[in-house]
Each structure stands twice: as C-alpha cells, then as structure tokens.
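Enquirer: Chains A, B and C are the protein sequences, given in the same order. Using the working numbering, you'd call the opening residue of the first sequence number 1 and step up by one each time. Using the working numbering, you'd call the opening residue of the second sequence number 1 and step up by one each time. Using the working numbering, you'd call the opening residue of the third sequence number 1 and step up by one each time.
If you are wondering where the hints come from, they were derived from the structure by calculation, not from laboratory data. Hints are supplied without guarantee of correctness; some may be wrong.
[What the hints assert, rightly or not] DSSO-like, lysine-lysine: derived pairs with alpha carbons at most 27 Å apart:
{"#": "1", "chain 1": "A", "residue 1": "K236", "chain 2": "C", "residue 2": "K286"}
{"#": "2", "chain 1": "A", "residue 1": "K122", "chain 2": "A", "residue 2": "K236"}
{"#": "3", "chain 1": "C", "residue 1": "K152", "chain 2": "A", "residue 2": "K236"}
{"#": "4", "chain 1": "C", "residue 1": "K85", "chain 2": "B", "residue 2": "K191"}
{"#": "5", "chain 1": "C", "residue 1": "K85", "chain 2": "A", "residue 2": "K122"}
[Stated by the list, open to error] Here are a few chain A residues that sit away from chain C, every Cβ distance over 12 Å (derived from the structure):
{"#": "6", "residue": "V22"}
{"#": "7", "residue": "V48"}
{"#": "8", "residue": "G74"}
{"#": "9", "residue": "I90"}
{"#": "10", "residue": "A110"}
{"#": "11", "residue": "W157"}
{"#": "12", "residue": "G173"}
{"#": "13", "residue": "K236"}
{"#": "14", "residue": "L243"}
No residue lacks a Cβ here, since even glycine has one placed at the ideal position from N, Cα and C.
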Amino acid sequence: MLRILLSRLAQMLMVMAAVTAVAFVIFRYVGDPVLIMSREDATPAEKVALREQLGLDQTVVVQFAKFAGRVVTGDLGNSFRNQRPVSGLIAERLPATLELVLVATVLALALGIPLGVYCALKPASWLTRGIQTVSLIGISTPTFVTGIVLILIFSVWLKWLPSFGRGDVVKLGWWSTGFLTTSGLRSLVLPSVTLALFQVTLIMRLVRAEMLDVLSSDYIRYARARGLPAGYIHRKLALRNALMPVITVTGLQIGALIAFAIVTETVFQWPGMGLLFIQAASFVDLPVMAAYLLFVGFIFVSLNMVVDVIYALVDPRLRTRAA
Amino acid sequence: MAITLTSKRRLAPVGVLVAAGIAALLILSAAFAPQIAPSNPLDLATFNLADSEIPPMWAEGGDRRFLLGTDNQGRDMLSAILYGARVSIMIGGGAVLLAAVIGVSLGLIAGYLGGRTDAVIMRIGDVILSFPTILLALLVAGLARAVFPEAANPRYVPFVLISAIAIHEWVQYARTVRAATMVESARDYVKAARVIGLPSTRIMFRHILPNVMSPVLVIATINLAGAVLTEATLSFLGVGMPPTYPSLGTLIRIGNEFVFSGIWWIALFPALALVILVLAVNVVGDWLRDRFNPKLRGRG
Amino acid sequence: MNVVPALAIENLRVEYPREDGGILVAVDDVSLTIMPGEIHAVVGESGAGKTTVANALIGLIEKPGRVASGTMRIGGAILDPVTGKGEGLQLGRDIGVIFQDPMTSLNPLFTIESQLTETMRFHLGLSASEARVQALELMHAVGIPEPERRLKSYPHQLSGGQRQRVVIAAALSCNPKLLVADEPTTALDVSIQAQILALIKDLTRTRGLGVMLVTHNMGVVAETANSLTVMVRGKAVEQGLVVDVLRNPQHAYTRGLLAAVPRFDRKLERFAVMAEGGGKAETARKAIAGQKQSTKGNMAGPLLSVDNLVVDYTTRGWLPGSKGRTMRAVDGVSFEIRNGETLGLVGESGCGKTTVASVIAGLVQPTSGRVLYGGEPIAGDTATRGTRRASRQALQMIFQDPYASLNPRMRVGSILAEPILFYKLAANRADAAEDAAILLEAVGLDREHAERFPFAFSGGQRQRISIARALGARPRLLICDEPTSSLDVSVQAQILNLIKDLRDATGLTLLLISHDLAVVRQMCDRVAVMQTGRIVEMNDTETLFDAPSHTYTRELLSLVPRIDRISAA
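Generate coordinates for the entire structure from the input sequences, incorporating the hints supplied.
Expert: If you want it as structure tokens, here you go:
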C-alpha cells in the first residue's frame, strides 16, 4: 500500500515536472515576450532593460529554476492582455467551472451507473436495446452540437431557460456561487446537462461491460451453483466488483470534464476557466495559457492520486498486499 | 439489432450493415464532393451575397437552387457540407493512420523488448494519457500557431491538426499492442521462434504483428469517429480549419453565431452530417469490438 | 434395507443447437446412481460430456443448451434442471459444488467469512453469529489452520490448497446430500491433490455424502472412487465398481483408455495405442536420420553440462530502471546430459524445472553459473555471441500447450520451412518445402497438411507439427517441456511413442521436463528431482523409482495416484 502510494507520488511529481517544463517552454520560447510586452515605439535600450527585468538574459537552467520556484509559490505572472496577476484571474474563474463540473459529474454518475447495470442484467430487453442505441448517438454527438441543439430548443424556440452566462451569483468570501439564486440555478441547467450527456454514455457503457465481465466470471458461476438468489448475486456480489473500475474512470472523467468544459463554456459563454483559456489562446496571452495548463495539470494529477488512494482502500488485494 | 441476415453464417446485424452502408456512402460522397456538389464553396466567384441566409428548400422562403439553404455569405449549404465532410474525414483518417503507425510500432517494441525501453515508452504514454485529447490537441494546435505563423496557412492546418490529434491517440494503440504483444511473447510459438534463433525484428513483424492486428483495426475504427469529433471540436473552437477552407466543425462554428437569431440551418445541417457520420462509424466499430474481442474496452 | 440414493439420474439428454440448424447431443441417454457414502467417478477424455452432466445437475447449462429429457433425483426428490430447485430441494443446500480452479471460484473482494456464511444465512436462515460459529467448525473440519484468523482473510491471502478447502467447506456448509466435484484437483500439485482427495474421502465417509467426481485422471479414480461411469462422446459406455472395471474392463474403449495410462510400477517398451503410423512414416524417419546433424563443438565429453546455475526473477518498479522484489527460481543447479540419453527433470509447479529448460534453450539469461554445450559455454558470463549462436541450431524445444505453440497466422508449411531456410539447410524454397513434407510424414501426418493453418488440427496433431518444426533445425538435443500435459491420455501415448521412435531413428538426446512421474518412468534413462530451485536427487530411473534416497522423492512417489495398485492385483 505504501509502495503504491510512493510510486504514485513519484509519478505525480514527474507529470508535474513535465507540465511545468511545457509551461516554461510556452512562456519563454513561444513568441518573444519582449516584443509582446513592450510598446511598439520602445527603444532598443528599453527592450534590453525589460529583458533584464524579466530575467531573460540568464541561462535557460536558471530561468527554469526561477520559473519553477515562482510556480510553487503561486506566482504565475501577469496576463499580457490586461496586466492583472494570472493567479487572481484563475481564482475568479475557478468557482464557475468547478460548480459546473460538480453538477455534471453527479448527473453522469446518477444516470450512468443504474442504466449500465440494467443493460447488463437484461441484455435482451427492448429497453436495453433502446438505451444502447441512444447511448451510441450520445457518444457520437460532440458536446458543442448538444449545446447548440439544447439552446435552439430550450432558449430560442421554447424560451424556457437562459442560454448564456451564470445568472446572479452570491459571493461567499472569494468564492462566487450560482447555487443560491434561481437565475443561477436556471443558468446551470443547460450547460451541466450538455457537459454530462457525453459522460453518462461513457459511464453507462463501462458499467455495462464490467458487469457483463463479472457476471461470466467463475466466482459468480460458483455463487449461482450455491443457489444464492439472483438479486443478491447481482446487487451485492457482482456490482461491487463491477464498480471498481468505475472509480478510476470517474476520477479521469472529472478531469476530462474540466477539459470539455472549455467547449461547453464557449458555447454557453460560461465565465469559467475554459473560456478564460480560449480567450487567452486567441490573444496569445501566454502567461494565462501556461497558468491554465499548470493548474489543470495539477488537478488531473491530484485526481489520479485520489483515485489510487480510494482504490487501494477499497480493493483488499491492494490494501493487504503487505500482510 | 439481433436479427441476422442469414441464419447459417452470422454476417452482421441489419443495423450494422445499414450503418456500414451509410458510412460508406458519406465517405464516398465526400471523396467525390467536387464531382457531385452543386457548387464549389471554396471558389468565392461562385456565390453571391444576395443569396445569403436562404432557408432550406422546403421551408418558407426556400430556393430550389439551394436544397439545404445558404449561409451568411450565400454559399450553398449542401456543397459546403460535402466539401466540409471531405476535410473532416481526411484529417480524421490521417490522424488515425499516424497514431496507428506510431502506436503499433512503439507498442510492439515496448511489449517485446520490455525492460527500460518499455518503461520509458509507457511512462511517456501515461503522462500523455493523464490529459484529455481535446486539451492536448488545443495546446498543440495553439502552440503550433504561436511558434510558426505559417501553421495558420490553410495548406498546413490539416497537418497541424493531424499531429495534434495523433499525439494523444497513439498511446491507446501502443497500450493495446503492448499488452497483446506481451501475451503473444509469452506464448509458445514465439518462444519456438526464439529457440530457432530468429532475429528480434523478424519475430516482432513476421510472427507477433499479424497476431495483434485485429484489436488495432477495432481501435482504428472507433478512433476514426473520435478523431473526426476532435477535429470538429478544434475547428469549432477556432483553432482548426479556417472559414475559407471549412471542415464540418468550422461550418458549425459559423452557424453558431446565427442560432440565436433563429437561423438554425447553418449550424444544424453540418452538425447533423457530423453526427450521422460519427454514429455510423461508431456502430460499425462497436460491432467489430464485440465480435473480435469482447474483452477489449475503453473509450473510443 | 431400502436406502434412498443420494443421486439418481435417468436417461439424461443435453442438447446444444448448432449454428447450421442441427443439434449437438452433449449427453446422450446417461443414467447413473450414487448412494450415500459413495464416490462415483465420471471419467472420459475431453469432449466426452462429463462436465456437462455435472453442469446439468447444478443448473449451469449455458443457453442455448438445454436438458432435453431425463430425470434427476436428489435423495428421491426430482430436481428441475432450469430452476435448480425441486420438491424440498434447493441448489446450494442439498447439492454442494466444487469447481476446478480454486483461484477463480472465490470472489476477490469479499472475506472468507462472508463467502462461507452467506450460503448458510440464505438456505438455513441462520443469523450472522450462528453462521460464524458454523463456519469456524467447517474450517476446522476441512483442516484449515487458525480458522479464526482465516475467516477474516481475503482469498488472495490463502494458498491454492487452502482456497480449495474453503470451497469445500462452503459446499458442505448446509449439509448437502450430494457433492458435485468437477476436476477438483486438476489445478493442484500432487502433494496438495493427495490432501484434498483424502479430505473428500474422509468427509464422504463421516457425513454420508454422495459424491460425483468428474475427472480425466484414472489414477485419481483408482485411489478415490468406489464406482465409475466411463463416457465417450456423450454416452456412458461402461459402469460398475472401480475394482471390477479397472481389473476387467468390458468395453473396448475402456480397455484402450486403461492401456494408454502410463504405468508407474514398471517400464514398458512402448505404450499400447489403438492405431500407429504405417510404412510412410518409417521411410521418412530414415530420410531424416540420414541428414547431417549439427556437429559443432567437442563431442567427446557430455553433450551438455549445467554448472551451478542460478536464476533470479526481479519484478520491475514503476520508474524506469528501478527494481522491485527478487525471487530466486533456480538456486545452484548442476547436471550433465550424456550424448544419446534421455534425462528427466521432475518436480512440482514452481520448482524451477521450466526455468532450467529455458536457460538451456536460450530463452532466459542466468543470473550466475553457466551452461556448456560440447564444452563450449552457451549461457552465463563466459558465453559469447558466437558460441550462443552456434549452439542454437543444436538445441531445439517443444512446448506444453499445443494450441499456443504454432503461429495461428502461418500455414504449417511455412512454419516448418522457417528453421530450415533460416539455417540454410535447403538450397531453395522448393527444397525446404520438400524437407517440410518429409518431416510431416515422419511425425505421422500427410504432406498435404502443409497447406493448412494450425486451427485445422487437433491438439495431438499440433504437437506433432511442433515436433516436426523442432526436428527441422536438425538438433542434437531436444528439450521437451511438459510435451503431453495438455493432451488426453490416449493422445499422450501416441505422442510419447512418436518421440521414442524419433529418438531411436535419429539418435537424438532428450531432456524431458515433466510433473508426471509415470511418464518420466516410461521415457527416461536418468531422472533429476527438483524442489524449490535445487536438485535434491539424481539417479538412474529404475534405481530412483525403486529405491528413492531423498525424503522428498519418496514423498512425491507415494503421493501419485496410480491405477496399478488395483489393476495389477
């Protein structure tokens, strides 16, 4: 168990080092920061001064070390576009994205697991075939198409729900939440459904496949041969085995949701980190891009770590390996 | 979908055959878009701003010349979709091919040689896989633009997109092929080849490769659907194909601006074409997956 | 006296619809009766339908298969094959089941206690604490040490033998009338097999169980069962008391089957088999014997010597280059193989015998020690690329699993021609194809078979192709790693005869790796016994079998289930 955690920690550090290196390369080598940051009529002397001020005259290793040091202390530089500290921009946009992702994850799990179990237990029923057909359409429809269609139906034609923005938000310290106002909740519906739909399909298909696998295993055959009731075998024995990989996938999917939030936020003009990133990308606002990458990388790596810990706690084969 | 065409030899369920037919039809009509499209959407001279935003033929205000209506510049939507599908399929296919070639080779090498080579290749794969396709592709496509201004040139964009998608997708092939190669390497026919004294390259490519190819074909099919989707998403976000040389994703991006004003056909028809294309490929891929290897899972 | 049978099957018929619309009859009109306290063996070779009979009893006939007709009575009550229930009958309570592989029949995510008590709680309505008391008693009865602690364990923390004991305990937990055991010891080593069989025998006697023992091993039948049914292609061809059938088999199939079982008590010239290859094979073998063999190296001393061989396996850590745990598979093994002899290497699973063979064949690099072929080092520190390459051709190998040892994507002709072309033993492709055809005839197949792919052949035929491929390189030493353990006993006899004939025709030297002591006695001139990575005893075959000196050898010999204790009497 400790071995697993340590090796995971090593992996996490390696990934973060790689991500930091990429962020550094973006920051340092993509375009010329001096050209980007100085006024158009800057004199060569001013440029040299700026170069020194930014530390660009030092060796690459020193620059990287300083960059890594700043990253660790949370100093991610200033946005080229509006000269505000990047960490502040991220903190401002973070709640919007996290609330969206949270609602979408809950939706995806609450729908995906029961549907997957049903499809595995009743493979021949018409409902199963229906669900599976719909699920195929689900994974074939890109998030932005789902979003556009939902907007067209519920906002443009039916005029039931808002199609952009977060509505009214309430400040709780630095955190701004849309959960506490009607308009905030109404605004959340379309984006979170859009974001969740693709994931529902993935989770459902995974649960179904795992469940079918487990149901054909020897220990389930053996449980049947002991005359245990089918309901008990399915609910208590098989489901636990089938849900093990779902833990992993849910963790990875939360990561994927944060990435896909870029698309959803673009469609719904949702003021989260994804929109921030896309705007930064179109303005070549390198510090914001680099910071987003670092931040998302950190979230993914932490999620992976959390998943591994949960897995190790749940699976007796890992938990008791040392015993 | 359980109805079979013939009872003796299970060819494929009717649904799969229909999907395969649709996929083939779409791919063919995209391939022959210049021959069958009513007009050339890439040639500015052939369309007229006076024809802009005409709804589909059957709707009120429709025009017989434009079956699916026109966009904001007066382009025929049907032609734009056919040409757009052509671009999407080319990029998707290219990405699948590139990813498969890289992934299969590295997977074979990692699985057969094992040891440090294996560890290095697979750790790189782990790191890449901890990021979703779309994020990595966005990053690569965005960086390519920042580093080489030429990358925004429509002539080079397809190659940038192909690389941006393949950089993530090869890992899946590598993992599958590596696992299969390790299984095959432990089997006695590979040991027999080693005992004979055959060189490693011959064992890898002559003996192991043919035996690990069927899951690769399945992944390639499912990945084609995924790659087309990723390309569409990149283009939709504005880092993919430019409006002058649109893919389906670009067309949807253009149409998205008009959805709020109720001009739905500019976004919806390309979206429909995209979903039908991807769905058809997915149905076939799904069936292949169940047929070749019921144990093979994972996201498509 | 009127005792109700534990099991009475009458005219059982199980059918599977075939894809072409026909019907495959897996079990055809089988009847059998098992009395309380009786162990009844159902024997037969693969595909005989013996497991299907067991599955019919426990409701595990997979769709679209079905029980077409016949009745099954458990303790007098009729069992419904679909629901697994009957008048007052309940599968799991009145019928206990043991499967072949104890590694996979327990759910890895639940404790032993949970899996052992759930059956009692469902079928007997016991409370958790009552069931726990019972479970402790059962663990005790099946001989698991420290039952208190073991109840809290998960399956992966138990050894294979202990898991099978847990499975038996679970099967007995509701005091069933009938125990169905499907190859209960096939996945286990002989020493554990002997313990499990003794346990089943003991429980049968003390609890008055009826036991249906499905097995392919005639030795197990002879040592364990009271009565038996011999099945061939779904039909029961012979039934009776084990003593009678083994001493005086009536049906031709039973006679053939018994004759093919390798004898443990004395060495025979060849195995009795029903049909043998004709003159064509004879001519082909002469042609092969005439070919020039690889004669590199000094051939005056021993053909091969293994000198203080050590092999460690190291699991890999997560980071590139980091190391995990080390396990010593071979721990200082030395022996010699003389020119022309057949050396047997025996031991239980995990003793390192296959690793030794792999080092000799060049598949595994030793940690230390060396292997000399004709005086030249071919593995270990002093071996060079050149000496290794020179020995490759002379050392060929055949493997255990006939279904994995041929590349499924290559035609048999290409498989056989590959070593011939690689070593330039033929001038061109046409000559190589001709050589391959001769090899096919030599192993008792037809030259036309070269055109086919491996899937067209049975296990025995594939093993013949494997042998032909090994001979193609014209080796001096043939390493046979469990060459017949995956085969039915009648096929095993044919393959072993073939190996003997080829050896006699070409003067090949053989190294035979096997866990089957009877096979070793029939095949080998000398035998080395391995235990946990070391050779504990090495001697002439007859001496070793008749007067073993090491305790481990004696133990192994005494534990092998054998038919001669009955049939020879």
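Enquirer: All hints, please: hold or fail.
Expert: Consistency of the hints with the structure:
1. Of the pairs offered as hints, the one joining A/K236 and C/K286 is violated, with about 66 Å between alpha carbons and a cut-off of 27 Å exceeded.
2. Restraint check for A/K122 and A/K236: the C-alpha separation of about 17 Å stays at or below 27 Å, so the hint holds.
3. The straight-line distance between the Cα atoms of C/K152 and A/K236 is roughly 18 Å, inside the 27 Å bound, and the hint therefore holds.
4. The hinted pair formed by C/K85 and B/K191 fails the criterion: a straight-line CA distance of about 49 Å is larger than 27 Å.
5. A hinted pair counts as satisfied when its Cα atoms are at most 27 Å apart, and C/K85 with A/K122 qualifies at roughly 23 Å.
6. For A/V22, the requirement that its beta carbon stay farther than 12 Å from each beta carbon of chain C is met, with the minimum near 20 Å.
7. Consistency note on A/V48: stated as away from chain C, and its beta-carbon is indeed over 12 Å from all of that chain's, at 43 Å minimum.
8. Separation of A/G74 from chain C is adequate, the least Cβ-Cβ distance of about 28 Å exceeding the 12 Å criterion.
9. No beta-carbon of chain C is positioned within 12 Å of the beta-carbon of A/I90; the least distance is around 31 Å.
10. Every CB of chain C is more than 12 Å from the CB of A/A110 (nearest about 23 Å), matching its label as outside the interface.
11. With 12 Å as the threshold on Cβ separation, the claim that A/W157 sits away from chain C holds: the shortest Cβ distance comes to roughly 48 Å.
12. For A/G173, the shortest C-beta to C-beta distance to chain C comes to about 40 Å, beyond the 12 Å cut-off, and the non-interface label holds.
13. With a least beta-carbon separation of about 8 Å from chain C, A/K236 fails to lie farther than 12 Å from that chain, contradicting its non-interface assignment.
14. With a cut of 12 Å on Cβ distances, A/L243 falls inside the contact zone with chain C, its closest approach being about 10 Å.
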